[in-house]
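Q: Whole structure, please, built from the sequences with the hints as guidance.
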Amino acid sequence: MAETLRELLSEEELLGFFEQMVLCREFEESCAEQYSKGHITGFLHLYTGQEAVAVGCTAGLQEKDYILSAYRDHAQAIVRGADPKKVMAELFGKATGLCKGKGGSMHLFAPELNFMGGYAIVGGQFPIATGLAWGSQLLEEDRVTACLFGDGSMNQGTFHESLNWARLWDLPVLFICENNFYGIGTEVHRASAQAALHRRTCGYDIPSEKVDGMDVIAMYQATKRAAEWVRERQRPYFIEAVTYRFRGHSMSDPAKYRSPSETDVWKTRDPIPNLSRRLLEEGIATKEQLEEITKRCLARVEESVRFAEESPWPEDAAVWEDIYV
Amino acid sequence: MAQLNMVQAINQALSLEMARDDRVLLLGEDVGRDGGVFRVTEGLWERFGSERVIDTPLCEAGIMGAAIGMAAYGLRPVPEIQFLGFTYSAFEQLFAHAARLRSRSRGRYSCPMVVRTPYGGGIKAPELHEESTEALFCQVPGLKVVVPSGPYVAKGLLLAALRDPDPVLFLEPTRLYRLLREEVPEGEYLVELGRARVARGGNSVTVVAWGSMLERVLKSVEGYDAEVLDLLTLNPFDSEAIVKSVQKTGRLVIVHEAAKTCGFGAEIAATVAEEAILHLRAPILRVTAPDVPVPLAKLIDHYLPGAEQIRNALDEVLQY
Ligand SMILES: Cc1ncc(C[n+]2csc(CCOP(=O)(O)OP(=O)(O)O)c2C)c(N)n1
Ligand SMILES: [Mg+2]
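Order-wise, the sequence lines are chains A and B. Position 118 (the first sequence) corresponds to 118 in my numbering; numbering is contiguous. Position 256 (the second sequence) corresponds to 581 in my numbering; numbering is contiguous.
Calculated directly from the structure, the hints in this document are not laboratory data. These numbers were taken from a predicted model, which means no experiment stands behind them. Don't be surprised by glycine CBs; every beta carbon is placed ideally from N, CA and C. Mixed in with the good hints there might be a few duds.
[Unchecked claim] Label pairs and their computed distance ranges (CB to CB): (1) 252/A to 587/B: 31 to 41 Å; (2) 429/B to 164/A: 22 to 32 Å; (3) 626/B to 289/A: 44 to 54 Å; (4) 633/B to 13/A: 51 to 61 Å; (5) 506/B to 38/A: 16 to 26 Å.
A: Next up, the structure:
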């Protein structure tokens with residue numbers, strides 16, 4: 001029997017989830033527009049559709065816990081507390097960006113927020129997450145490292161190496177797979193011998209579960225439970241968050257490999273309307289309240305674009321900074 | 326003759342060779358149904374089927390290693406790695422195995438495969454999607470490294486690489502994919518590996534470049550009596566052609582978009598110092614990117630060698 005939302009979370013927390021998801025959605029839509037205008041260059045991978053994963057999982061962690069992600073990383077950074085203005089400026093390549101405008105969309109980094117990086121190399125983050133967890137355990141710092149990654153990355157050697165380590169040495173890593181069913185144009189079942197991804201951890205004796213990644217509440221509950229389990233037992237755990245990206249892999253991908261009807265079906269499971277429906281049904285918020293929140297998010301996104309536009313370019317000499325001490 | 330861009334020219338070379346030799350097969354991430362990230366293999370899956378155009382899981386080391394096994398078995402695999410920056414996890418397979426199979430088996434095995442990958446600047450993404458680390462691969466004995474500078478040579482070099490008995494790394498400058506069109510004969514023709522090409526004759530300074538820098542160099546040298554050599558193959562490179570040109574001009578400028586330190590320009594400069602130092606009338610100059618990670622957006626213009634830097638170097642050696 002499903003619990004009511006009120007039994008699970010405070011009104012403030014619930015509206016907070018809604019606001020964060022809307023903020024991420026609007027941010028990504030705005031990025032798409034800025035990319036078409038040529039203000040954002042290079043590769044741009046948008047998170048549209050997957051918002052419940054970043055929002056739910058971040059809420060289920062403690063602030064001191066580390067988060068690492070792949071390159072589809074704007075939402076993770078923003079939900080963790082990165083200022084959307086700085087993130088947008090980073091995507092523009094402006095000096096005021098989160099990483100001084102030198103790394104762009106795929107390499108966001110905010111160690112001050114315990115956001116330990118977006119990684120453009122698929123599978124690059126696995127061993128690093130394992131090493132961070134090793135460090136926190138050795139120094140007895142009571143910190144969980146959450147490592148987010150896509151379904152496709154589970155076929156990289158580093159995935160297997162890291163799961164083995166994490167269990168061999170019993171390290172506090174929470175592996176969270178964002179299974180959106182595609183690695184660019186390749187569906188999971190064309191790339192993974194075992195398409196039930198959460199079952200792939202059995203070779204490493206790591207417990208795992210499958211979670212509805214289109215449901216922010218489910219994502220939150222599962223992450224919270226798992227993170228506390230990891231923290232207490234100092235052992236790795238694995239969550240497969242089942243989700244879907246509504247847009248192409250990146251802005252240059254027309255996504256011809258999947259049918260519009262498939263996308264349409266997934267859009268009926270859009271995490272944002274799904275949460276707003278429940279909020280309304282359970283009388284937690286009014287329509288006006290939700291509209292108000294949406295407006296606020298839009299304003300923040302517009303402000304971030306303005307900030308990015310008005311910010312200065314980095315000085316040429318900036319390329320020499322931060323290479324060595 | 327058809328006017329083709331480099332994507333079309335490479336596609337044509339693959340297609341011709343696959344039709345001629347059924348041992349040739351392609352493998353890589355999304356090379357099949359999706360036609361590759363830059364659409365270089367478009368239409369080949371439809372034409373040759375999924376046994377010869379293989380969509381692989383996302384695992385570069387696995388792709389490279391499987392290709393080595395196939396090559397040792399007698400097939401002619403053409404693995405595609407989506408960007409040069411993604412070959413690093415496969416470097417072990419390439420460096421430690423592909424390039425050594427011949428010597429390790431004392432000549433009884435060889436590894437005829439062509440690793441294709443886009444490289445260098447051009448799409449304004451930073452770091453790993455934009456870098457030119459070709460020199461790393463030039464220190465691998467047994468591996469050939471080839472860099473086309475336009476559609477015509479791309480097709481001929483690729484056909485030559487596909488018929489070469491040893492492993493070849495074929496670096497496709499991303500910036501050139503759709504930048505220019507050239508007349509490209511429809512049928513097959515070979516551009517010999519290991520030979521540089523005189524892209525422009527001249528007498529007072531030799532400029533050596535390759536890949537996407539060639540186009541920039543050709544534009545920059547207008548008004549100078551410069552001889553421009555298009556290196557085409559970096560390993561083994563045509564030192565003879567360079568030395569011969571320097572003996573005539575007495576001056577050498579090397580232009581590459583890779584970082585300066587241990588870039589391939591250093592090897593060329595050292596070779597000329599060894600073989601033609603007494604012909605030099607000015608110091609050898611290198612015009613390169615700085616020793617920093619490739620930055621984003623506007624900074625990329627500062628990072629890549631531009632016309633002004635190239636002309637400054639020419640003036641400096643000419644007025645020395
Ligand atoms: C080592 C490496 N290989 C290939 C790529 C190119 N690439 C970027 S994302 C991607 C697909 C990844 O799929 P998945 O892990 O499912 O994540 P998603 O994009 O679906 O979020 C590929 C092949 C890369 N960035 N790094
Ligand atoms: Mg995926």
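Q: Each hint should be assessed against the structure and marked as holding or not.
A: Tested hints:
1. Between residue 252/A and residue 587/B the CB atoms are about 33 Å apart, so this pair conforms to the stated range of 31 to 41 Å.
2. For the pair residue 429/B and residue 164/A, the supplied restraint of 22 to 32 Å holds, since their beta-carbon distance comes to about 29 Å.
3. For the pair residue 626/B and residue 289/A, the beta carbons lie near 48 Å from each other, so the given range of 44 to 54 Å is met.
4. Take residue 633/B and residue 13/A: their Cβ atoms lie about 57 Å apart, and the range 51 to 61 Å holds.
5. Range check, residue 506/B to residue 38/A: Cβ separation about 23 Å, and the 16 to 26 Å hint holds.
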